[in-house]
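Protein chains: 2
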Amino acid sequence: MKLTGNHWIGSQPSAQSNDIFRAGNPATGDSLEPDFHEATESEINDAVAAASRAFDPFRNKLAESRADFLEAIAEETLALGDDFLERTSAETGYPLARCTAERDRAIAHTRQFAQLIREGSWVDARIDLPDLTRKPFPKPDVRSLMQPVGPVAIFGASNFPIAISVLGADTMSALASGCPVVIKAHPAHPGTCEMAANAVLRAAEKTRMPDGVFSLLHGRGHEVGTQLVQHPDITAAAFTGSLAGGRALFDVANQRPVPIPFYAEMGSVNPLFILPGALKTRATQLADGFVVALTQGVGQFCTNPGLVLGLESDDWSRFADLTEERLAATTPATMLHAGIHKAYRSGLEARYENESLELLGRSSTDASDERLEAAAHVFRTTQQGLLDDPTLFDELFGPVSTFAGCGGPEDFVEIAEKLEGSLSATIHGTEADLARHKDLISVLQKKTGRLIFNGFPVGLEVCHSIHHGGPYPATTFSRFTSVGTRGIERFVRPVCYQDWPDSQLPVELQNANPRGVLRMINGHRKRDEVS
Amino acid sequence: MKLTGNHWIGSQPSAQSNDIFRAGNPATGDSLEPDFHEATESEINDAVAAASRAFDPFRNKLAESRADFLEAIAEETLALGDDFLERTSAETGYPLARCTAERDRAIAHTRQFAQLIREGSWVDARIDLPDLTRKPFPKPDVRSLMQPVGPVAIFGASNFPIAISVLGADTMSALASGCPVVIKAHPAHPGTCEMAANAVLRAAEKTRMPDGVFSLLHGRGHEVGTQLVQHPDITAAAFTGSLAGGRALFDVANQRPVPIPFYAEMGSVNPLFILPGALKTRATQLADGFVVALTQGVGQFCTNPGLVLGLESDDWSRFADLTEERLAATTPATMLHAGIHKAYRSGLEARYENESLELLGRSSTDASDERLEAAAHVFRTTQQGLLDDPTLFDELFGPVSTFAGCGGPEDFVEIAEKLEGSLSATIHGTEADLARHKDLISVLQKKTGRLIFNGFPVGLEVCHSIHHGGPYPATTFSRFTSVGTRGIERFVRPVCYQDWPDSQLPVELQNANPRGVLRMINGHRKRDEVS
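In order, the protein sequence lines correspond to chains A and B.
Note that the numbering used here has the first sequence beginning at 355, numbered continuously upward.
Note that the numbering used here has the second sequence beginning at 355, numbered continuously upward.
Errors might be hidden in some of the hints.
Copies of the same chain are indistinguishable here, so a pair counts whether it falls within one copy or spans any two.
[Claimed, not checked] Below, in silico cross-link-like pairs of lysine to aspartate or glutamate (DMTMM-like), each with a Cα-Cα straight-line distance of 25 angstroms or less:
{"hint": "1", "residue 1": "Lys800", "residue 2": "Glu843"}
{"hint": "2", "residue 1": "Lys880", "residue 2": "Asp478"}
{"hint": "3", "residue 1": "Lys356", "residue 2": "Asp389"}
{"hint": "4", "residue 1": "Lys801", "residue 2": "Glu843"}
{"hint": "5", "residue 1": "Lys772", "residue 2": "Glu724"}
These aren't lab readings, by the way, just hints derived from the structure by calculation.
Input sequences plus hints: build the corresponding full structure.
Okay, structure coming up:
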């Protein structure tokens with residue numbers, strides 16, 4: 355398709371401002387056509403007004419129709435073909451295989467949300483039947499279920515231009531719930547955003563969704579996003595990105611006259627604890643796996659393993675040596691954009707200058723600054739060095755990690771206690787190791803959203819049980835996930851009906867249960883009718 | 355029992371400060387023994403430290419043990435006997451019958467949470483089974499469930515000294531989930547709080563819960579609560595009270611270096627829409643019911659009906675006349691404390707002076723200022739008068755309401771659009787009325803947490819399906835309820851286990867499903883084992 359550089363206010367293109375920008379190819383420095391426009395205040399207002407108008411007709415659609423819409427989005431995404439993948443690759447420096455994998459993941463989660471709402475039980479319908487004979491007061495008929503909150507603002511991430519952007523689980527879970535969506539496109543991949551938006555809008559048209567159910571706005575700075583979050587008709591927002599950006603918008607959302615939930619996923623340090631049993635039997639395999647996990651996607655994952663802890667021993671030294679070897683063989687690769695590259699470079703400099711760190715290993719090939727390349731690095735410190743320097747617990751976005759050798763299991767616990775909230779924590783070991791380190795596991799359970807055994811945190815499984823969240827600063831609200839079907843819980847709230855006539859109830863609460871959903875009836879979950 | 359006036363840091367009494375205060379009897383102005391002490395910073399820190407120490411042993415207790423603890427609280431509450439009810443009555447001006455009803459409600463919800471966790475399915479256990487043959491990557495084993503967040507701060511309400519205070523659903527849902535609780539006692543009923551705390555502590559001892567699982571702190575101003583919310587080891591807070599107080603603490607919670615969720619329920623205007631079919635056939639019954647709902651508990655309910663809307667007609671005038679008659683026969687009664695009484699008096703004065711309002715009726719008996727009494731009042735305005743004066747949409751806490759006569763169904767919609775978020779909205783009418791006013795219902799669904807048909811919003815049913823929440827300013831977060839078993843969702847977060855050994859998993863995620871809970875397995879809810 356031909357890119358226009360327009361915003362899309364529902365199905366209507368708009369480009370009011372002369373303040374323009376372009377995407378760049380991070381590998382070549384070339385600027386990519388066309389010009390994109392900074393959204394004006396009136397365009398932001400128009401997009402939210404269109405979403406507000408669409409809310410009633412959209413939420414009143416049958417769940418089956420919204421499922422059709424999502425499935426049509428998946429089809430239209432596929433139909434974008436290679437043009438789409440090539441544009442994403444040009445805007446991000448990602449190889450086509452990665453872009454394809456992301457596209458397939460986006461299609462998978464889109465279809466998963468379609469299935470979820472087609473089945474219907476996610477609305478958590480509850481019925482407590484009346485008892486008119488109860489003393490001293492008759493018991494009323496009380497029923498409730500989850501309903502959509504209203505227009506939602508969504509901010510995509512730079513590091514997943516397809517799977518956590520316009521076509522991300524944030525968008526799909528909001529649409530699945532019945533909330534219209536206004537997207538703030540990421541300025542590093544605006545062309546990818548426009549193409550993806552086009553797929554969504556085409557699907558909306560084909561499945562006769564109300565105009566305004568989806569809009570796309572461009573902007574290069576903070577202003578568009580801030581204004582969007584401040585708009586009185588936006589009822590919730592979801593964001594994936596940096597701690598600084600996420601916290602700033604979280605503060606804006608909470609300082610509104612009417613505060614709204616701002617769900618930000620902001621990354622984390624994702625520690626790996628390598629217990630003795632694993633080091634003894636699988637050092638080679640571990641070094642292989644670790645270096646792949648560290649360097650995949652040029653280390654640009656929220657779940658990149660930024661800290662590796664083991665017990666000082668010959669096995670630990672051998673693992674370090676094996677890691678050094680494998681690092682040397684890695685090839686520097688282009689990062690997403692100049693801002694990320696600059697932050698990585700200055701973060702590395704600080705680590706080189708840090709006296710409590712020494713370089714354990716790095717890619718033997720130099721990175722090209724011109725091509726915004728990053729070389730993989732691993733630093734090494736002692737347990738005390740780590741405990742004395744809180745900056746080593748902070749995430750540095752890119753293919754970099756720190757090894758710290760500890761004296762004993764109690765030192766693991768002391769370090770775990772110092773961790774900030776994290777999306778994940780990983781243990782490598784035997785089952786016996788796990789039983790021996792119960793105190794460590796207990797601390798990690800309080801600090802993280804996902805515990806992994808003998809695996810690596812990157813490469814998130816898209817499923818019902820996945821949790822991609824964790825205590826602050828991993829996210830602004832550890833109760834919610836941004837990946838997996840539980841993500842839909844962010845965009846709904848319970849609505850309760852007391853003594854409401856059956857014919858006027860939402861279908862999932864009606865006596866006959868025509869959709870056959872699982873409901874809680876007087877405290878028991880069943881699919882039965884009630885009378 | 356003999357009141358001590360102490361704080362309770364777990365099982366340890368403390369009273370470091372010489373800054374003391376007493377409860378007062380609002381009806382007599384008498385000060386009530388003993389002296390209570392303002393909590394010091396070190397007492398606040400001690401209470402939170404005790405809660406933090408208790409967290410691991412408490413969350414690791416079997417769910418059955420926590421259920422035993424809750425049931426013991428219910429028993430110990432009953433065992434407080436008449437002393438408890440008499441102290442509550444003295445501190446609040448509520449008659450003993452009301453105190454008894456509240457006590458019984460607290461016992462009911464405490465037992466309900468015990469049942470909920472004994473059954474166990476509330477943890478929302480999810481399992482996605484592995485597939486090692488999947489291409490291009492094997493599918494991992496992913497499981498997740500809800501786990502408690504950590505020590506929780508709870509603020510009771512003045513208007514429910516038993517059922518929404520120390521023994522409230524906030525406390526019980528937090529304890530049920532596995533979170534230790536630190537309560538900031540309400541300064542208007544500190545004796546009730548100490549007696550209730552005593553019941554909880556006795557139950558904790560009898561069922562061998564870790565010391566520190568429950569603490570009680572006193573304080574008369576904002577300082578103690580603010581420090582508690584700011585404490586880095588507090589992980590969530592729940593509050594019922596005024597908009598000003600709730601918003602101030604919400605802001606404190608969000609401005610922390612590590613923000614925490616602050617769940618505040620702050621009351622609302624709870625509009626009643628009386629449709630023509632109801633006015634025609636049930637005017638007398640409606641006037642009876644309305645005046646009872648307005649004056650019950652001296653109008654001191656979050657769900658008090660503050661706005662009544664009808665279509666101008668002879669029926670509407672007759673309903674107003676009937677209401678006037680019934681109001682005249684009501685008896686003024688003592689409000690909870692001087693602060694609430696003063697706010698009610700000045701709110702009434704503003705309404706008397708408001709030129710768009712006229713008095714429709716009031717209690718024919720004068721209220722005694724000395725006894726902090728409130729007389730029921732209803733004012734009347736036109737539709738335009740209401741639309742022109744945003745203050746009439748604000749809650750005035752006490753037995754006061756405003757009637758507004760409208761021209762037609764579309765005026766109802768216009769007024770509904772102007773409503774702020776509300777805990778409830780009530781419709782009186784026939785089923786045919788309801789079908790004719792679909793647009794009104796549609797707006798109300800977006801503005802409120804609970805829709806009531808031919809009933810009154812006061813008198814909340816304690817059950818699984820109840821929702822006591824609603825869009826801001828009714829609450830700070832419309833996703834959650836403070837009453838009913840869904841309340842437990844505020845104090846948990848998902849924790850996910852990837853490829854974790856079965857023997858080390860939380861019991862609800864183990865293959866054999868020894869507790870027999872309902873789980874989502876590969877997307878399907880069942881109680882089966884997995885292998």
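**Prompt:** Any of the earlier hints contradicted here, and which numbers?
**Reply:** 5
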